[in-house]
Amino acid sequence: MIYALIFIPAAAAVLSLMIQNDRIRRALIVGTAAVHTLLVLTAWQTGAAPRCSGWLVLDQPALLFLTITSILFSACSIYAAGYLAGESGRTIRDFKEGLFFRNAPEAVFSACLLAFLATMTLTALSQHLALLWVAMEATTLASAPLIYFHRHHRSLEAAWKYLLICSVGIALALLGTFFIGIAVSHTSVEDKSLVLSNLIQQGSRLNLTWLKAAMLLTLVGYGTKMGLAPLHTWLPDAHSESPSVISALLSGALLNCAFLGILRIVQVCRAAGLEDFYRPLLILFGLLSMGWAAVFILGQGDFKRMLAYSSVEHVGILALGIGIGTGAVFGSMLHAVNHSLTKAMLFLAAGNILGAFKTKTISQVSGVLERLPWTGILWLAGFLAITGMPPFGLFLSEFAIAKAMIEQGRFGIAAAFLGVLTLIFAGMASAFLKMAQGSVAPETAEMSHRESFTHVLPPLALGVLTLLLGLYVPPAVNRLLHEAAAAFGGF
Amino acid sequence: MLILGKLINLLLCLAAAPLLGGIINRTKAFFAGRKGPSVFQPYYDLFKLFQKGAVYSQTAGWVFRAGPVIGLASAAAAALLMPLGGLPAVLAFEGDLIVFVYLFALLRFFLVISALDTGSSFEGMGAAREVTFSALAEPAFLLGLAAVAKYTGHTSLSQIFSSLDITDWPAAGPTLVLVGISTGIVFLSENCRIPVDDPNTHLELTMIHEVMVLDNGGPDFGMILYTAALKLWLLGAVLAGILVPVHTGNVWLDTTAALLFLALLAVLVGVVESSMARLRLLHVPSLLIGAAALSIVALMLVCGGLL
Amino acid sequence: MNSAVDLILIFLILSNLALLGLSRLGACIRVAALQGVALGLLPLFLVESGPAAHQLFFSALLIGLKGIVFPWLLTVVLREIQVQREIEPFIGYGSSLAFGTVFLIVSLWLGSRLPLPASMQSGLIVPSAFFTIMSGFFLIIARKKALTQVLGYLVLENGIYAFGAALSENQPVLIELGILLDLFAAAFVMGIAVFHINREFEHIDTDKLSGLRT
Amino acid sequence: MSFFIAGAVIIFLSSVSSLFFGRKGDWASRVGGLGTVIGSAIALIPPLQVLLKGGVLSLQTEWSIPFGTFFIQIDSLSAFFLLPILVLCALAAVYGIDYLKAYQTHRNLGPVWFFFNLLLVSMLVVVTARNSLLFLIAWELMTLASFFLVTFEHHRPAVRQAGFLYLLAAHIGTAFLIIFFVLLGSRTGSADFAAVPKIPSMAADILFVLAVIGFGIKAGFMPLHIWLPHAHPAAPSHVSAVMSGVMIKTGIYGLVRTICLLQTPPAWWGWTLIILGAVSGLLGALFASAQQDLKRLLAYCSVENIGIIALGLGTGLLGIHQNHAALAVLGIAGGLLHVLNHAFFKGLLFLSAGSVLHSTGTGQIDRLGGLMKQMPWTAAAFLIGAVAVPGIPPLNGFFSEFLIYLGLFKKGINSGLETVIAVLLTVGGLALIGGLALAAFTKAFGIVFLGSPRSASAQHAHEAGPLMKTSFLILAMLCLLLGLFSPRLIYVLRPVLLSLTGLTNEAIQIELVQASSILSQIVKVAVLFGLLAGGLFLVRIRLLRGRRVESAVTWDCGYAQPDSRMQYTGTSFTQFLADLFGRLLPTRKNIASPTGFFPNSGQYSEETDDSCEKYLFRPAARQIVRLSAKLQWLQHGRLQVYILYIALALWILLIWKLM
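Those protein sequences? They're chains A, B, C and D, same order as listed.
Once you know that position 65 of the first sequence is 65 in the numbering used here, the rest is easy, because the numbers rise by one and skip nothing.
Take any residue in the second sequence, count from 1 to its spot, add 491: that is its number in the numbering used here.
Take any residue in the third sequence, count from 1 to its spot, add 798: that is its number in the numbering used here.
Take any residue in the fourth sequence, count from 1 to its spot, add 1012: that is its number in the numbering used here.
Here chain A stands alone, though its shape is the one from the complex (with noise of 0.2 Å):
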């Protein structure tokens, strides 16, 4: 099941490489992801032997953000479908600055796809670390030439940018591996792997000094990955240049892969009793992520950075969900759920969006309700959902993250939280809000533009879904999520 889970997608991978027919192509991508999501939900029903020694294991979190990663793909490769079916390898006149570019070639975008979804699954079920941080390094290496998709200057300093600080951030992390490594050498039992379980086992006989320093690296390595201000700077740059259908895996599910990658760090600092170290440190970082997302969302000009920067905000709220601890850590989990549907949704809205008006300025777009009347109600769908109104799934993680902090006593946190939120709320109205309502702009109203099937139902299918976590959390996933957050410090 492990095995076929990472492989099928590698696999396809390779073969579509060689595949020359487009179309067959695309229904590759389909269909893998097709497999991919029923093995997991399998997976759901029977669980997975582990693998490897140990080193590959389906344990709660990791089945918990496969669903995620294997859900969103399901999604984004209908989306990208017929979204290569529009973007077929002819030259195409940059709306911006009037440039005339190619896209990448369509094998190479499908292989990469697959091979990101690969590596992520990778990311999900490693236990050793030093896997993990294999995987994880694949993941960057994978999805740079997806970034670099359309080829114009700006997509390439956006790729250039992505690879080099990602690069950064993951060498760090593997310092940080290193130094695991090392406090594991000071303890007096022969195993002295980097498997996960065997960590937690020793936990009370790690070298604590070598491990404190482990946790600083891997958090500024993967947090980097992970979008935590302040290293999150690529992440808007790639978000804004790179395909929506890219910008949505890499907001929905890349950022939850490093995130686990921090949380598995969390889990052997917590066997070794260094809760009062790594929690003072994700608040941080979770506050300064909200805080400086604020700051770039209000009067954000661009509509798809201000998505990027609301997904720095909301890596931040995840961050900050474990840093406080208790029933903020079961807040944390169902906001990564509920957090890369919404933004999923949106990016693919924003896709469509910036397929209609060819622009993405705020400014020059309005009246999408009247333009296109589906990928409008999903842009304000998504925009309520994605700030934490009710009936929307984001509501309840953030009440939960909030009600942990207010019943801890940590007032001055969650004033600031609430207010953060609220701040964020105004900014991103004020965009929205224009977008969606008004009457179109003249001079766009004659360019024609059908909403094909193709690009709403992805989207459509995943605001369904955060709606029905805003109502009913199914039992099985809420038993799921109360596990997940079981085993990084909460109940």
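Among the hints, erroneous ones may be present.
[Claimed, not checked] With a straight-line cut-off of 35 Å between C-alpha atoms, the simulated DSBU-like cross-links for lysine-lysine are:
#1 Lys-1536(D) with Lys-539(B)
#2 Lys-1536(D) with Lys-1385(D)
#3 Lys-1601(D) with Lys-358(A)
Quick caveat, the hints were computed from the structure, so don't treat them as lab data.
With chain A held as given, fit chains B, C and D onto it using these hints.
Relative to the frame of chain A, chains B, C and D by itself:
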């Protein structure tokens, strides 16, 4: 006896109210060195007006026609609540002083909208002034009444005035004087008397009240004049209740005292109108706010433990 | 034994200082290559009982990569883009060296705070590794050319590898494998990126790569 | 309870199904409107039952959501708020069917009905929810539904602005409510509402403050009201009626429920509400009188009436604190009764103002005039509302204000300076509010409906459609009846008072019986007044019979040809008042003076801004935006700087944590 007293009170009010206007005019004539009209002239005027036909503006609708009727009805309803001297009010219940004040608001409301119904700029002007001044007069009046109510511990006009006694004067003198002055100002303002308004001039620009009824004629105007007379009487009666709380035990004696006070009040108004000039319009609000301030001081004297 | 390790580590420190002070890109590439070779040798001297077979293999691989493949790759790029030296860096070469000494002090302090387990002998290994990492960071931050930044990244990786080498006794192969994979892929992809940058912008000043902001 | 659920479900189903008829506007209206009416009628049964017979209906089921249970309950307080919600919404829906016909051709009406009915359902849940999470979800749904209704005409920039402001204000309010509910839950140990066991007064005070801010934003206490005068005029009129009439009352409901849960209010809670009430009432009335837009005027008037309600509740709390039964009972009863009264007269006013808008296309008071001739029914309905607002007998507004007055006039509360201040704020406040409201509404009615038309659109106005007429005439009747039946109505409040005041049943009953007998005396006066007016009318007819009744132009001191432009306008009507309170009313005067020897044009107009918005909130918002703009250099594109951030973060953390 009680019912008889009530009936006499009501009839007295309805019948004698125009007389006060006659007395005022007579006094003013005296000071001007004229012989002046008879004190019963208002009755003749009313009679004449009720005999006449009417001219209506083409602009005006039923609101214009309803205004005088509802105004008179509300003044008459207010008369039901007002005791005079030893004579009881027709209706008395806790809190009737609030109803009393608000019935005048009803009167004012319809007077104002019927003025606006003509579409005349002059009447609009009068209406605007009326609502502005009354907005200030109303708190002064209610707070003054509140002071008296707090002092006596009653909230019904009848009970307040029957429990006030001349013997209260040594103790509550300052309060009663303050409330008296404040209510007096409200009395002058509400009845469009100098120094707030000048019923004599017919320069429309300077007027408040009179200008609102420029377009009325015939029975409607008669009703308006009669309403004004009732208002004068009723507010005078409030002043009488506060300033001359004579309770000898003899109903007729008490009532006579009150009636004498009313006549005196009319003379006084005449004297004021003969000897004073009208205030500048912009200074009227200060006067009314001053009245409210006096009421507040009175209230403080009563409740604030300063008494 | 220890003296050999110390020698390598001191060479590491000196080469870092050289990288901070050199302006010619070609020279920088060569220094970095030498650094790589030195690091490749490091694990062989760290192990008391003499190097095992797999260690020899990985050392050879590493030396091959760092000493030959990357320098070659970068030189090709260098020739392609026809740039000889870094002109007008953000921070001048004199100041860079001054920063270098500060980094050295900080690294020594960090080394004192993070003592290695007794089995790992050399006291210099932690400070010199930290110093290498800091130098790598500094190169990325203070220089403008994309090529120098790739170089800085390689130096950073060298520093990390120094730690890895210290661990090679206790930890399985995977770490080394990971390093190699990472190095190879990262350098490869970045090399390609530099090509693209050159083609797209007709220079590799990252100065111009700041169109995406706020 | 099953009736209630059934009603809500019917409303919800009609809400969803109206979406499917969106393209056929009239069907959407039929489905949506009919669903609301039927659903409301059914859902009205349980609250009536509770009000008349007493008792509590409740329903509690599991709900798989973190912290949530589906727990709803109708007690007398809920039932008391359900009553106006259901009645007004049903009438507004009937009105809406006609009102929306004008949009049918070019707009999809499905969403309007969807959100309207959703608004109703969410309000039903808000006032019955007994679980924090359920409450919050319903609360926010209510906000959202009303937001989408407010932005119905989102093609107009002003409407979008209003919607944004509304949503933002509501969001801020919710942030406070989240803290409030979590703290409450941590005190009671459960997310379900329960009376808070003895807690330190400090904690109770914090809870109270949070509730006042959180619920106050929705209710529209000055200075938290700033969204209100923008949002209400922007919404379609039947929605404004619902929002102003009942939706903002959910804020009052929340506050009252909070006080029920917290028990034993200290004196300063009462004072807070009294001061908030006096400020809201006075400024609300003042701003209302200075407005040039009819619906904006009504919106400020809602602020004013919320102020009156707060005055009532505040004096009630003071009474509870001082253990003074009369003050407690009369204050709270007055406040709550005003909730009901205001719902109906404000609904009436918005609906009739809506038909003015509908037929003339403008709400600018100065462009209207003389509408009474073309729209007699609308005019009559508006007149009834306009009389009710300033609390003039014999309409319902007077009765609730009377109760508040009465409490303060009562014997026995002569305890020093406190009483002076209370009486001053309340009696003086109410009197001044009444006077200002009278100015505002004589202006609104007089300038809009009387005189002669000031513009072509006013001249060609037409009477509202039959359904619109029906609904506001029913409301007009209700306004009259609520006043006349208030002696009986106040008994309904007994259980509410019981749980709120902590007095014994007997004490409350004594006070209520007393109050009821007084109210029936007032009804007697009102009836006598009616008879007198009728009689005088007959007299007048009798007098004029056979006499010459002529028709002529308005006498204008010698001008032969008065025209409509010579009339007093709304601006000039309240200019004196506005000048008098100039410091509180930031009035902008736009003057184009006539120049030259033979001037042919000159212009004068005034606009009044909201002083809270202008001096408090806008500068604050500007500061925040400026600060964030300043901070944006943090991310200005250079890769080197970005790497520097990582390096700095790393080394600072390492040095700090390993120190």
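Each hint tested on the structure:
Distance check on the hinted pair: Lys-1536(D) and Lys-539(B) sit about 34 Å apart at the alpha-carbon level, within 35 Å; holds. Distance check on the hinted pair: Lys-1536(D) and Lys-1385(D) sit about 33 Å apart at the alpha-carbon level, within 35 Å; holds. Under the criterion of a C-alpha separation no larger than 35 Å, the hint pairing Lys-1601(D) with Lys-358(A) is inconsistent with the structure, at around 44 Å.
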